[in-house]
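K.L.:
Make a model of the complete structure from these sequences and hints.
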Amino acid sequence: MPTDNHDLGKNVAGGTPPASDQKSGSPGYELTDVNVNGVVVFLGGLIGFVFVFFFFCFLMGRVINTQFLKQDGEATKWRREAGGVDTDRKRQNLASNPEMDQKELQKMTAIFPTPRLDVDDGNQSIADMHAREDLLLDHYSTVNGMPGSVRIPIDRAMQLIVERGLPVAVASGPKTILAGDEQPSVQAPLTTGFARTGYELDTIEARAQKMSYTKAAGESHAELVPQK
1 MPTDNHDLGK NVAGGTPPAS DQKSGSPGYE LTDVNVNGVV VFLGGLIGFV
51 FVFFFFCFLM GRVINTQFLK QDGEATKWRR EAGGVDTDRK RQNLASNPEM
101 DQKELQKMTA IFPTPRLDVD DGNQSIADMH AREDLLLDHY STVNGMPGSV
151 RIPIDRAMQL IVERGLPVAV ASGPKTILAG DEQPSVQAPL TTGFARTGYE
201 LDTIEARAQK MSYTKAAGES HAELVPQK
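Under UniProt numbering, the residue at position 119 of the sequence shown is numbered 119, and the numbers go up by one with no gaps.
Since the hints were made in silico from the structure, they are not lab data.
Please read all numbers here as calculations on a predicted model, not as lab measurements.
Beta carbons: idealized from backbone N, C-alpha and C, even for Gly.
Be aware that a few hints might be false.
[Said to hold, decoys possible] In silico EDC-like cross-links for lysine to aspartate or glutamate, where the CA-CA straight-line distance does not exceed 20 Å:
hint	residue 1	residue 2
1	K175	E163
2	K107	E133
3	K103	D121
[To be verified] If you anchor each label on the Cβ, the simulated ranges turn out as follows:
hint	residue 1	residue 2	range
4	R116	V150	33 to 41 Å
5	E99	G218	36 to 44 Å
6	C57	M100	36 to 44 Å
7	E205	D118	19 to 27 Å
P.N.:
Here is the structure:
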């Protein structure tokens with residue numbers, strides 16, 4: 001069957017090229033196996049390099065941490081490492097955040113001896129002391145170590161004194177005053193109670209203004225609501 005020289009030298013579908021088209025020394029597949037020894041040596045060297053690198057990082061971290069501990073000095077009960085153990089000062093972690101700092105500060109404050117300096121010039125401590133005194137002066141309370149005894153509010157005590165009067169001491173004989181002795185005299189206090197600090201006065205004034213504002217707002221709201 002003539003082809004008019006159109007199919008000469010072309011591959012047949014699904015066939016192999018003629019032997020004349022194949023280059024010498026290139027059969028189309030690998031003539032040798034993979035060098036297994038070279039692959040094993042490369043992987044072993046890579047793994048060894050990774051181990052050496054991490055060991056070097058660990059060693060450098062220990063050296064740097066040791067230098068920092070030497071600079072900080074010996075640990076005392078007033079100064080501990082953040083997250084550290086009291087015995088060997090090894091750090092559990094290197095986390096440094098406000099929560100951990102606050103916990104360390106609370107722990108230090110709990111064991112710090114008294115008296116301590118106040119950070120607000122004693123305003124809050126004085127206000128707390130006066131609040132405790134107000135509770136004792138304005139409310140009923142029991143007396144420790146005296147069963148059956150009850151403290152009464154100071155206003156009620158003043159009313160009872162006005163109604164019943166002060167107890168009168170039993171008259172005793174005249175006492176002989178020696179030379180140089182003076183008759184003691186009791187003077188009334190200049191104030192009716194303890195003096196309030198400026199911090200407490202400001203707090204009381206702010207509370208009164210808030211209460212008056214709330215009362216005025218309630219009254220204005222009541223006026224706006226139509227009466228049924």
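K.L.:
For each hint given before, does the structure comply? Return the numbers of the non-compliant ones in rising order.
P.N.:
1, 2, 3 and 6
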